[in-house]
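There are 2 protein chains.
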Amino acid sequence: MKILLVEDDVFIGESIKDYFELQGNRVDYYSSPIKALEEIYPNNYDIFLIDINMPGMNGYEFYKELKNYASDVPVIFITAYSDIDHVEQAFDLGAADYIKKPFDLKELELRVKRLVFKKTNEVKITENYRFDLNKLKLFYKDEEVELTQNEKYFLEILVKNIGQVVDSETLKDYVWDGKDICSNTIRTHVKKLRNKLKENFIKNVRGSGYKIEKQQ
Amino acid sequence: MKILLVEDDVFIGESIKDYFELQGNRVDYYSSPIKALEEIYPNNYDIFLIDINMPGMNGYEFYKELKNYASDVPVIFITAYSDIDHVEQAFDLGAADYIKKPFDLKELELRVKRLVFKKTNEVKITENYRFDLNKLKLFYKDEEVELTQNEKYFLEILVKNIGQVVDSETLKDYVWDGKDICSNTIRTHVKKLRNKLKENFIKNVRGSGYKIEKQQ
DNA sequence: CACTTTTTTAACATTATTTTAAGATTTCAA
DNA sequence: TTGAAATCTTAAAATAATGTTAAAAAAGTG
Numbered sequence: 343m344k345i346l347l348v349e350d351d352v353f354i355g356e357s358i359k360d361y362f363e364l365q366g367n368r369v370d371y372y373s374s375p376i377k378a379l380e381e382i383y384p385n386n387y388d389i390f391l392i393d394i395n396m397p398g399m400n401g402y403e404f405y406k407e408l409k410n411y412a413s414d415v416p417v418i419f420i421t422a423y424s425d426i427d428h429v430e431q432a433f434d435l436g437a438a439d440y441i442k443k444p445f446d447l448k449e450l451e452l453r454v455k456r457l458v459f460k461k462t463n464e465v466k467i468t469e470n471y472r473f474d475l476n477k478l479k480l481f482y483k484d485e486e487v488e489l490t491q492n493e494k495y496f497l498e499i500l501v502k503n504i505g506q507v508v509d510s511e512t513l514k515d516y517v518w519d520g521k522d523i524c525s526n527t528i529r530t531h532v533k534k535l536r537n538k539l540k541e542n543f544i545k546n547v548r549g550s551g552y553k554i555e556k557q558q
Numbered sequence: 343m344k345i346l347l348v349e350d351d352v353f354i355g356e357s358i359k360d361y362f363e364l365q366g367n368r369v370d371y372y373s374s375p376i377k378a379l380e381e382i383y384p385n386n387y388d389i390f391l392i393d394i395n396m397p398g399m400n401g402y403e404f405y406k407e408l409k410n411y412a413s414d415v416p417v418i419f420i421t422a423y424s425d426i427d428h429v430e431q432a433f434d435l436g437a438a439d440y441i442k443k444p445f446d447l448k449e450l451e452l453r454v455k456r457l458v459f460k461k462t463n464e465v466k467i468t469e470n471y472r473f474d475l476n477k478l479k480l481f482y483k484d485e486e487v488e489l490t491q492n493e494k495y496f497l498e499i500l501v502k503n504i505g506q507v508v509d510s511e512t513l514k515d516y517v518w519d520g521k522d523i524c525s526n527t528i529r530t531h532v533k534k535l536r537n538k539l540k541e542n543f544i545k546n547v548r549g550s551g552y553k554i555e556k557q558q
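Quick mapping for you: the protein sequence lines, in order, are chains Y and G.
For the first sequence, my numbering puts the final residue at 558, and the numbers step up evenly by one.
For the second sequence, my numbering puts the final residue at 558, and the numbers step up evenly by one.
No lab work stands behind these hints: they were computed from the structure.
Every clue listed holds true.
Copies of the same chain look alike in the list, so a pair counts if it works inside one copy or between any two.
As a list, the in silico BS3-like pairs of lysine-lysine whose alpha-carbon atoms are at most 27 Å apart:
| hint | residue 1 | residue 2 |
| --- | --- | --- |
| 1 | 521 | 538 |
| 2 | 409 | 479 |
| 3 | 514 | 344 |
| 4 | 514 | 494 |
Sequences and hints are given; from them, build the entire structure.
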């Protein structure tokens with residue numbers, strides 16, 4: 343799971359980051375929303391944790407920006423306020439949840455898990471293929487398909503967005519962590535991956551990116 | 343909005359019913375899940391509000407039944423428990439949300455509204471065709487029509503100005519980013535697009551440009 | 001270090017899309 | 001009715017995106 347955390351109180355921020363990283367998650371922590379906007383690809387996250395009261399740009403405005411690029415990523419607003427108006431504003435913006443300070447980290451974990459692991463962690467790709475989003479493992483009829491690290495990340499982001507196109511900027515950022523790679527690298531990886539598959543469920547959408555078709 | 347409410351505590355049940363009915367909604371309230379199962383048609387509701395701890399049949403079991411007939415209706419579980427096992431069980435079942443007792447009715451309202459009035463950015467073009475302005479996808483009766491990049495942009499600008507003529511300067515500027523293209527290019531694209539459609543909703547307005555007629 | 005595996009690059013092949021050109025058809029007004 | 005302008009249609013050329021292959025570079029392993 344990859345988390346974007348934006349919280350101006352560095353003590354709270356670091357605590358949350360440590361807590362989730364200890365459980366094997368990836369946490370990108372920013373204490374300033376402005377800085378975050380400059381550096382991130384919103385689509386790469388499973389969830390946003392955003393403080394509402396921050397200097398420079400408040401959490402609502404910040405989320406409005408993110409939403410343009412990642413309308414499907416759930417957000418939990420962290421707030422020191424408790425009045426219903428703030429809750430309402432949050433929900434109007436499409437918030438998935440909100441949590442009031444001070445809170446127990448365990449409670450935050452519950453709320454995060456509730457949103458992120460909405461569905462089962464195994465996603466059915468085709469009749470025979472399924473992908474385990476926790477263990478990043480691909481199975482063909484109960485038999486594991488051996489994947490390299492990059493292939494795992496590649497499938498992870500595709501499976502997370504199953505039915506939707508994942509563009510190459512998102513792929514670069516997610517699989518290669520923003521590193522500058524040659525234009526061919528993605529294509530070569532797709533080729534290698536396809537070679538390992540008995541059915542080619544990795545579809546290219548010309549001019550946009552790659553996707554896995556959603557089953558019905 | 344039509345709500346199914348199943349809650350064994352009659353005081354809470356009636357309060358919720360009154361609250362939502364005051365706002366012009368219809369609420370079918372049952373204090374017993376067994377009774378509810380005998381009388382209702384699950385598919386008639388926009389949302390289910392289900393208490394978890396009920397005598398006779400708990401909320402999870404009750405929802406499992408409903409789900410067979412109405413898998414798309416979102417459910418909010420009402421619970422007095424706060425431990426993770428219950429939350430997990432709820433979400434394994436596909437719960438859209440849960441809310442802990444005691445809660446503010448306004449908060450429940452916000453959570454309900456968020457689920458029921460999810461905003462979409464889909465524009466109806468004809469009886470069978472609709473266009474998603476977020477994802478730039480065209481659908482014919484729930485089936486996506488494959489479009490090339492330029493075709494997507496072309497439809498986007500037409501749909502955004504539905505009912506109005508879009509002149510060729512605007513088209514050039516929007517689809518081709520101002521690039522100098524031969525006078526025939528637009529026509530060829532229109533032709534290709536029309537070939538993909540079962541109904542021709544792209545009308546030419548001689549001397550002006552193209553438009554999509556507004557539905558009523 | 002020597003070996004294997006994985007990742008990246010480069011060069012070229014293939015395919016899909018976009019654009020152009022040129023003839024056919026439609027439309028509208030004189 | 002007729003001619004010019006606009007639009008439609010078709011095919012083919014030009015361009016751009018993706019696919020393929022092999023080999024070099026980098027990373028991991030004992």
